[in-house]
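Asker: From just these sequences and the hints, can you work out the full model?
Which chain is which? The protein sequence lines are Y and D, in order.
One gets my numbering by counting positions in the first sequence from 1 and adding 4 to each.
One gets my numbering by counting positions in the second sequence from 1 and adding 1064 to each.
These are computed hints drawn from the structure, not numbers from a lab.
Even glycine gets a Cβ: it sits at the ideal position worked out from N, Cα and C.
Check the hints yourself; a few may be wrong.
A short, non-exhaustive set of chain Y residues, derived as facing chain D with CB atoms under 10 Å [to be verified]:
#	residue
1	V7
2	H37
3	N50
4	V57
5	K102
6	K104
7	C124
8	L215
9	W250
10	F256
11	R273
12	D276
13	M280
14	P296
15	K384
16	P389
Covered stretches of chain D, as calculated for chain Y (at least 3 residues, CB under 8 Å) [said to hold, decoys possible]:
#	segment
17	1205-1211
18	1659-1672
19	1719-1726
20	1764-1777
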Amino acid sequence: MKVKMLSRNPDNYVRETKLDLQRVPRNYDPTLHPFEVPREYVRALNATKLERVFAKPFLGSLDGHRDGVNCLAKHPKSLATVLSGACDGEVRIWNLTKRKCIRTIQAHEGFVRGICTRFCGTSFFTVGDDKTVKQWKMDGPGYGEEEEPLHTILGKTVYTGIDHHWKEAVFATCGQQVDIWDEQRTSPVCSMTWGFDSISSVKFNPIETFLLGSCASDRNIVLYDMRQATPLKKVILDMRTNTICWNPMEAFIFTAANEDYNLYTFDMRALDTPVMVHMDHVSAVLDVDYSPTGKEFVSASFDKSVRIFPVDKSRSREVYHTKRMQHVICVKWTSDSKYIMCGSDEMNIRLWKANASEKLGVLTSREKAAKDYNQKLKEKFQHHPHIKGIACHCHLPKSIYSQIQEQRIMKEARRRKEVNRLKHSKPGSVSVVSEKKKHIVAVVK
Amino acid sequence: MNVVQAAESLLALSQQEELEDLSKDDPLSPSEDEGDIDGERKHKKLLEAISSLDGKNRRKLAERSEASLKVSEFNVTSEGSGEKLVLSDLLGPVKTSSSLAAVKKQLNRVKSKKTVELPLNKEEVERIHREVAFNKTSQALSKWDPIVLKNRQAEQLVFPLKKEQSAFAPIEHVLSGWKARTPLEQEVFNLLHKNKQPVTDPLLTPVEKASLKAMSLEEAKMHRAELQRARALQSYYEARARREKKIKSKKYHKVLKKGRVRKALKEFEKLRKVNPTVALEELEKIEKARMMERMSLKHQNSGKWAKSKAIMAKYDLEARQAMQEQLARNKELTQKLQAASDSEEEEEGAEEEGELVPDAVNEIQMDANGPNPWMLRNHSRGTKEIKVQDPEQLPEPVAHEASENEEEDRPGAEEEILLNEFEERRSLRKKSGLSQEAKLVSRQEPKDSSSQEVLSELRALSQKLNQENQQSGKQNVSSVRTVLAVQREEPTEAEEEPLLLQRPERAHTMEKLEELGKEGCFQNKEVPRPVGEGQQSERNPDNQPGAPKEKKRKEQMIDLQNLLTTKSSSVKSLAVPMTVEELEDEEERDQKQMIKEAFAGDDVIRDFLKEKREAVEASKPKDVDLTLPGWGEWGGMGLKPSAKKRRRFLIKTPEGPPRKDKNLPNVIINEKRNVHAAAHQVRVLPYPFTHHRQFERTIQTPIGSTWNTQRAFQKLTTPKVVTKPGHIIKPIKAEDVGYRSSSRSDLSVVQRNPKQLSIRHKKHLKKNSVD
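Answerer: Pasting the structure below:
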């Protein structure tokens, strides 16, 4: 005879350690969990609201410069180190974790126009208004030693920008022409020109490292090939471009920060039409830097704000501003893609979070799961008007706000006029020019 | 003006003359007289003078007036004549002299060669150069296209792209620089060395290697299979043992024990024949057990339990039996085992045992009519016939006895039979209970009682049969079984019969049943959410086709007339003289007729009206029916709640405000739009979606863990970009994605000055640019 009785193995319900999470059996029958869409909608709404509630991007400011910060550079090996050059010729090296200046150098007389680090992180280069290029050691001088540059190159003209090659001991400066220097020599290895004008910035392509891009004051962007020692192509825009930045994940994509309040993302193989026109700024865009993931970039503008754009969107995702921040001259996205630094006129370098509402520090797995879920919910319901309204809402300073309104009116008027002209003219006589093509004057081969 | 014209005509004349002159004599011939030349010069001067009149068209001629027209061997000029110097002219005089053959050849060679083109200007060259360089570069860049596309479309990108490899050092290096310091480490090391655990490259110990070598795959498989079988068998035996252990019947266990003993004895016998030495050992063992028993007083009937049993034995058969058992055991154990143990002696032993038991116990045993096969077994052989002949005895014990007899014939199957017996008994007990119940029922129901009578008759018959078949007990058993079977089947049939009777009736109504079921479904659906009904009906307007159909038919009769009246009224409202109106009316009528004929097929108006009616119907709030079938009355299939109940639980919705398009016959105003809900609804189809259904589907699939399994939830919520905090993300590299990055340095190419390109190369460039 067999006697049946309940028998349970304690292994099945008693956990061995505190961290041993029990599997809770669940019934996923959809009839038991009704109203999935409304419930998820409410969750998405809450997530969006909380995102706005917790959007506190400002982390801190690094003060110490005695003049406006003109240029910034990242350390290629250390996340905590940042270099900045000011308008009085002072260069400072900062430690971000301590938020302190660890070294101060009086590098130039007049502006420090450009600063860049060597790819190995052992030294950095500065150019200034005193027509010199100087190379400095990253580490400070020993006790009793004087603060002196490793090398100094005296040039004939003022250099306005500098960038270092990503792999080799080569750097490029710009001024009257683009010069490519070997670190060991005092004269440029090769200089490339196309017409005569002052070139404001030059940037090496981080992927195909022999490519360079520069922008000049006669409204053009010129691409160079270092191997063939020749310019490649020139595109002339409506207004002058202040600087460009290459996408670190897509070899042929770069973004140009323009005086006409817009940013233009180009595919360098087809310069006649930009891939995307990014517009939200209400004044000249002064600097741009890509996130190391290549999905977004940050732009600094004369309108005292910093904006973050997704690469494939024409409108910004985020706008950062504070009451005291003046014209933002330079901006950098840190190499772990978590923070943004911007240097502005009023002598401060500010540190921001790249995601305004992100929680800093280590997340538990449950927090991470909740974060991912909320993110997905926000994405899923982003088109719903209520959620969109909350997500897009941001407080702006009055000056920017009114400027936006004004420009909207102007734009609308222009559009209306165009439509009217199109309506009242012979069909085919007036052609509609798309927003992308409108700002390109010419492409010169 | 006139002067100019005259001069021109003159010029034309003189030119004609000139041409004629030229045709007459060879201008280059050296044998020309002076006079001719002089004349020519004058003529030319004249021409010059005339042409200079024209101011504009002044032709500059050579100013030299030397006699250089002549082609001499020192001086070559074509000046003045306006002709080109041709090589053939030069070669003319060379023809005659053969000494100049080499020069001739040279000149011929020059003739065959073409002239060198002018070099391109600098800008042009640079432009071409740029263009070629650009093409080259963009070609080089296009290798990134697939990667960029892949990264853009990737579900998830994890940065940094290149995983930082932890510095791998060969284990030997690590070990050489490391020594065991703590006692624990030393211990571990010692252990490792003892087992010859290889610290370096080969990862297997010699023993492991040997074992690997020793056993092939086949062998290992066989070995494993064997092990599996053994394990299965073991578990089977274990299960069986457990089962047997759980059996509570003492009798069973006793029988089992006895069987075991008997078996052991048999084996011993066998052993004695086959292997005497082992048998001796066995014997010793048994002897030892006996001695132990003798020493102990275990089975002496002197223990507490035995005493209590002795008291009980007078009245209790089982107790008596137990005592006997014990005594028997005692005897068995204490008896010295002899080499030849006879069955006779056993019997004697049994008799003695009987003597040992108190008399009273035995008396009772003899009187007992409740036959115990275990007790009777010893006597059964002798008293078999007497017992079988006894007519009063129940058939069951007979059967048992018969089985008992068999059992003795083949003792191996003893246990199974025993088990069978128990089961039979149990079933019998149940059945008797059942039959009693049946009897009780029989008093109430005559039909059942009659069946009972039949049963009893059957029983009697079977008993008679038993008496006739005295020899075979087996048949008895079977007959009894059949009877029992009949008994068993009877009540079940009785139960089933009403069901069977009902069936045909049901079959008739099967279709209705289905309908009912559907109705039920409808009700179920409609009752719980009357609010959502409006939406539902909007989605599928033909959901409730029953009710509105009849109304439709009626309205179809009316609608056209309605429409016509409204139209005619509007026409009549125009203030126009009657006579004209009549004329116009006729014309209009004609036109209407024509239009009607033209559009005879499509009745737009009716369609519209129908649509409107449907919209109105759909928008009307429905009554809520809250009747629950089966509450407060009989329920079941095919039963409908009473009209009273329905009336009571039907909630009539109040009449809403009149529709806005009530008085507008040719307008439908949708009143569905909920302003509060609209704030949460998407108005325009968002960009990447091409159809609203696509979008709806994405919205309707939930992603939360409430609706998805953990795995699915994780998959659905993977973030698009994952970054590691504190890690530097470097730009993508060709090596990262499997491309070979160029080994040559960017700078080395620059140092080689590329501007010194050969002319031929430049030409090539130009060709390229043209293409």
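Asker: Each hint should be assessed against the structure and marked as holding or not.
Answerer: Right, here's what the structure says about each hint:
At its closest, the beta carbon of V7 of chain Y sits 7 Å from a beta carbon of chain D; the interface hint therefore holds under the 10 Å criterion. Interface hint at H37 of chain Y: satisfied, since its Cβ lies 5 Å from the closest Cβ of chain D, which is below the 10 Å cut-off. Interface restraint check: N50 of chain Y against chain D, minimum CB-CB distance 13 Å, threshold 10 Å, status violated. Because the beta carbon of V57 of chain Y sits about 20 Å from the nearest beta carbon in chain D, more than 10 Å, this interface hint is broken.
A distance limit of 10 Å between C-beta atoms decides the matter here; for K102 of chain Y the minimum to chain D is near 16 Å, and the interface restraint is violated. This hint is violated: K104 of chain Y has a C-beta 19 Å from the nearest C-beta of chain D, more than the 10 Å allowed. Because the closest C-beta pair between C124 of chain Y and chain D is about 13 Å apart, greater than 10 Å, the hint is violated. Annotation: L215 of chain Y was flagged as interfacial toward chain D, and the flag holds, the nearest CB pair being 7 Å apart, inside 10 Å.
Interface hint status for W250 of chain Y: upheld, as the beta-carbon distance to the closest one in chain D is roughly 8 Å, under 10 Å. The interface hint given for F256 of chain Y holds, since its Cβ lies 5 Å from the closest Cβ of chain D, which is under the 10 Å cut-off. Here the hint on R273 of chain Y is kept, as its CB sits about 4 Å from the closest CB of chain D, short of 10 Å. Checking D276 of chain Y against chain D by beta carbon gives a least distance of about 13 Å; that is not within 10 Å, so the hint is violated.
Look at M280 of chain Y: its Cβ only gets to about 13 Å from chain D, farther than 10 Å, so that hint breaks. Because the beta carbon of P296 of chain Y sits about 4 Å from the nearest beta carbon in chain D, less than 10 Å, this interface hint is met. Annotation: K384 of chain Y was flagged as interfacial toward chain D, and the flag holds, the nearest CB pair being 7 Å apart, inside 10 Å. The criterion of a C-beta within 10 Å of any C-beta in chain D is met by P389 of chain Y, whose closest approach is roughly 6 Å, and the hint holds.
A stretch counts as covered by a chain when three or more of its residues have a beta carbon under 8 Å from one of that chain; for the segment 1205-1211 of chain D and chain Y the count is 3, and the coverage holds. With 0 residues bearing a CB less than 8 Å from a CB of chain Y, the segment 1659-1672 of chain D misses the requirement of three and the coverage assertion fails. With 0 residues bearing a CB less than 8 Å from a CB of chain Y, the segment 1719-1726 of chain D misses the requirement of three and the coverage assertion fails. Coverage of a stretch by a chain is defined here by at least three residues with a beta carbon nearer than 8 Å to that chain's beta carbons; for the segment 1764-1777 of chain D and chain Y the count is 10, and the condition holds.
Checked against the numbered hints listed earlier, the structure breaks hints 3, 4, 5, 6, 7, 12, 13, 18 and 19; every other hint is satisfied.
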